[in-house]
Amino acid sequence: MGSTGLLHLFCVVVALLGVSLISDGLDIISWKVILINGQFPGPRLDLVTNDNVILNLINKLDEPFLLTWNGIKQRKNSWQDGVLGTNCPIPPNSNYTYKFQTKDQIGSYSYFPSTLIHRAAGGFGGLNVYHRSVIPIPYPNPDGDFTLLVGDWYKTNHKTLRQTLDSGRSLANPDGLLINGQAHTTFNGDQGKTYMFRISNVGMTTSINFRIQGHTLKLVEVEGSHTVQNLYDSLDVHVGQSVSVLVTLNQPPKDYYIVASTRFTKQILTTTAVLHYTNSHSPVSGPLPPPPPSGYHWSMQQARTYRWNLTANAARPNPQGSFHYGKIPTTKTIVLANSASLINGKLRYAVNKVSYVNSDTPLKLADYFNIPGIFSEDKMQILPSSGPATIATSVLPASLHDFIEVVFQNNENTMQSWHLDGYDFWVIGYVCLSLFVSPSFIYGSGQWTADKRSTYNLVDALTRHTTQVYPNSWTTILVSLDNQGMWNMRSAIWERQYLGQQFYLRVWNAQKSLANEYDIPNNALLCGKAVGHHP
Numbered sequence: 001m002g003s004t005g006l007l008h009l010f011c012v013v014v015a016l017l018g019v020s021l022i023s024d025g026l027d028i029i030s031w032k033v034i035l036i037n038g039q040f041p042g043p044r045l046d047l048v049t050n051d052n053v054i055l056n057l058i059n060k061l062d063e064p065f066l067l068t069w070n071g072i073k074q075r076k077n078s079w080q081d082g083v084l085g086t087n088c089p090i091p092p093n094s095n096y097t098y099k100f101q102t103k104d105q106i107g108s109y110s111y112f113p114s115t116l117i118h119r120a121a122g123g124f125g126g127l128n129v130y131h132r133s134v135i136p137i138p139y140p141n142p143d144g145d146f147t148l149l150v151g152d153w154y155k156t157n158h159k160t161l162r163q164t165l166d167s168g169r170s171l172a173n174p175d176g177l178l179i180n181g182q183a184h185t186t187f188n189g190d191q192g193k194t195y196m197f198r199i200s201n202v203g204m205t206t207s208i209n210f211r212i213q214g215h216t217l218k219l220v221e222v223e224g225s226h227t228v229q230n231l232y233d234s235l236d237v238h239v240g241q242s243v244s245v246l247v248t249l250n251q252p253p254k255d256y257y258i259v260a261s262t263r264f265t266k267q268i269l270t271t272t273a274v275l276h277y278t279n280s281h282s283p284v285s286g287p288l289p290p291p292p293p294s295g296y297h298w299s300m301q302q303a304r305t306y307r308w309n310l311t312a313n314a315a316r317p318n319p320q321g322s323f324h325y326g327k328i329p330t331t332k333t334i335v336l337a338n339s340a341s342l343i344n345g346k347l348r349y350a351v352n353k354v355s356y357v358n359s360d361t362p363l364k365l366a367d368y369f370n371i372p373g374i375f376s377e378d379k380m381q382i383l384p385s386s387g388p389a390t391i392a393t394s395v396l397p398a399s400l401h402d403f404i405e406v407v408f409q410n411n412e413n414t415m416q417s418w419h420l421d422g423y424d425f426w427v428i429g430y431v432c433l434s435l436f437v438s439p440s441f442i443y444g445s446g447q448w449t450a451d452k453r454s455t456y457n458l459v460d461a462l463t464r465h466t467t468q469v470y471p472n473s474w475t476t477i478l479v480s481l482d483n484q485g486m487w488n489m490r491s492a493i494w495e496r497q498y499l500g501q502q503f504y505l506r507v508w509n510a511q512k513s514l515a516n517e518y519d520i521p522n523n524a525l526l527c528g529k530a531v532g533h534h535p
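Numbering (UniProt numbering), first residue to last: 1 to 535.
Calculated from the structure, these hints are not laboratory results. Given the structure is predicted, the values throughout are model-derived calculations rather than measurements. Treat the hints with care, as some may be off.
Unchecked claim - Below, a list of computed lysine to any residue pairs in the SDA-like style, where the Cα atoms sit at most 25 Å apart:
id, residue 1, residue 2
1, LYS327, LEU310
2, LYS99, ALA515
3, LYS379, HIS401
4, LYS332, ILE428
5, LYS218, ASN141
6, LYS99, PRO142
7, LYS159, SER94
8, LYS452, LEU526
9, LYS155, ASN180
10, LYS332, LEU458
11, LYS346, PRO471
12, LYS512, GLU495
13, LYS379, THR333
14, LYS327, SER341
15, LYS346, LYS512
16, LYS353, SER167
17, LYS218, ASP460
18, LYS452, VAL335
19, LYS32, ASN141
20, LYS254, PRO142
21, LYS193, LYS99
22, LYS452, PHE403
23, LYS32, LEU171
24, LYS193, SER94
25, LYS99, VAL48
26, LYS159, ALA183
27, LYS266, HIS401
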């Protein structure tokens, strides 16, 4: 781990506890949640670019457990990624110490459980990386900083949800939405001041729309990218995504609704919080600000307005636009088609006809100790094919410093959300074959072909770690494979991830060097066929 940056020491304890809250319908809801240090959501981790983190996680659950760091790049260090392909899960009444660095990052991120369906029970929290004092940000320092973790939730116990999936059935619709684990919460600010709202969709399945009554949202950052600072009345935030907005309290002194509602669902779920002016003597009132038009067209059009701020720095002083990604020749094109399939009579989700299944031995350990038979690099192809889906522990090989084009081809009638650990990537193309608008609004065929490259944004596309893919449509990203390791590419929609819509990207260089990748940590947990080996 690099030596620059401050050292942060954390000790966190995860435990399961029953809690109750009053929902918007005024009925008392009780369910069990995963607490971290007694908190739901877990404590916010506030870090600075290049800080070193040592975090001891103590598992007091009755099941193995892992945390993953959503959007933290883990430079040369997939050993700390916290997913089952890289780490053995932490057994009950045991602990593991993560060691990683927030290398060259600024932005709003989160952490959450990667094991089983624990995410449905909590265990998540905000993770914010602030700029170093010597690196300016492209906006005045806000007067305050709020983290809002918004997500769908189920009243059903997470173990029961897992049993449903294991039986071959899909999950029912969520029961509601929460903001920071509450049905009602309040954010306080002074009239005339400007505050940053860091909004993350920590839900299981559902895109959300976020808005504040009577106020506009100035978008300034998306998952580590400083953006062109457009103003919006509301923002769509898809599963696994994070955005940061500036809100100026420039309205008459009263209380205002903060609203999140589900998108693209038959039943619209809505939750509210309160923006309280400290000089207000008037409670919230009036109708809630309305959601944007239904259907996918509006959402896709908004996504196309997100642009990289080419003159702003990132975590280093050089401008973001100094890296001319659009002029770099690609070394490989990978087209990934997701699908829902029945395998042995049970629902599974597949990528290019392969549904991923976890091994008892983490792939990273199998790779390091040369343990054969754990994963396959030839089961999943880089282009979609016909035929029935199969189950495999699938890995795609790639070379360090490749520059690849990845097309997410969505042939289903549902919204998709894709995430790649260890990286950010340029989202250079969306096409939305809308299901609910007239043909005159269709922007192109729902099938990607090579000639669609003429529509790519090769100048000022955002970098981010999670991208949406609209139904019967495609999204293209470019990725610079400069981070050696075994990296999880997965659906951020957790039912789909759990039932196989994922695989691992093995970014490899045969020359062993600490310049490419750190050694196995001396505290690495060993399990499966790795037991008996020595780090």
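Going through the hints against the structure:
Among the hinted pairs, LYS327 with LEU310 is consistent with the structure: their alpha-carbon atoms are about 15 Å apart, no more than 25 Å. Pair hint LYS99 plus ALA515 holds up; C-alpha atoms about 18 Å apart against a cutoff of 25 Å. Under the criterion of a C-alpha separation no larger than 25 Å, the hint pairing LYS379 with HIS401 is consistent with the structure, at around 24 Å. Between LYS332 and ILE428 the alpha-carbon distance is near 16 Å, which keeps this suggested pair within the 25 Å criterion.
This hinted pair checks out: LYS218 and ASN141 have alpha carbons roughly 14 Å apart, not beyond 25 Å. Simply put, LYS99 and PRO142 have alpha-carbon atoms about 30 Å apart, too far for the 25 Å limit, and the pair is violated. Taking the CA atoms of LYS159 and SER94, the gap is about 21 Å. The hint holds against a cut of 25 Å. Proposed proximity of LYS452 and LEU526 is contradicted: the alpha carbons are some 46 Å apart, above 25 Å.
Our distance criterion of 25 Å between C-alpha atoms is met by LYS155 and ASN180, whose separation comes to about 16 Å. A distance of roughly 17 Å separates the Cα atoms of LYS332 and LEU458; the hinted pair therefore holds under the 25 Å criterion. Distance check on the hinted pair: LYS346 and PRO471 sit about 23 Å apart at the alpha-carbon level, within 25 Å; holds. Of the supplied pair hints, the one linking LYS512 and GLU495 is violated, its CA atoms being roughly 37 Å apart against a limit of 25 Å.
As the CA atoms of LYS379 and THR333 are separated by approximately 17 Å, the hinted pair is consistent with the 25 Å bound. With a CA separation close to 39 Å, the supplied pair LYS327 and SER341 exceeds the 25 Å bound. At roughly 42 Å between alpha-carbon atoms, LYS346 and LYS512 are farther apart than 25 Å, so this suggested pair is violated. Simply put, LYS353 and SER167 have alpha-carbon atoms about 21 Å apart, close enough for the 25 Å limit, and the pair holds.
Pair hint LYS218 plus ASP460 holds up; C-alpha atoms about 18 Å apart against a cutoff of 25 Å. Restraint check for LYS452 and VAL335: the C-alpha separation of about 13 Å stays at or below 25 Å, so the hint holds. Straight-line distance between C-alpha atoms of LYS32 and ASN141 comes to about 39 Å, which puts the hinted pair past the 25 Å bound. Taking the CA atoms of LYS254 and PRO142, the gap is near 21 Å; set against the 25 Å cutoff, the hint holds.
Among the hinted pairs, LYS193 with LYS99 is inconsistent with the structure: their alpha-carbon atoms are about 37 Å apart, more than 25 Å. Our distance criterion of 25 Å between C-alpha atoms is met by LYS452 and PHE403, whose separation comes to about 19 Å. Taking the CA atoms of LYS32 and LEU171, the gap is near 18 Å; set against the 25 Å cutoff, the hint holds. Of the supplied pair hints, the one linking LYS193 and SER94 is violated, its CA atoms being roughly 46 Å apart against a limit of 25 Å.
At roughly 15 Å between alpha-carbon atoms, LYS99 and VAL48 fall within 25 Å of each other, so this suggested pair holds. For the proposed pair LYS159 and ALA183, the alpha carbon gap of about 23 Å is at most 25 Å, so the pair holds. A C-alpha spacing of about 44 Å is found between LYS266 and HIS401, which places the hinted pair above 25 Å, so the restraint is violated.
When held up to the earlier numbered hints, the structure conflicts with 6, 8, 12, 14, 15, 19, 21, 24 and 27 and fits the remainder.
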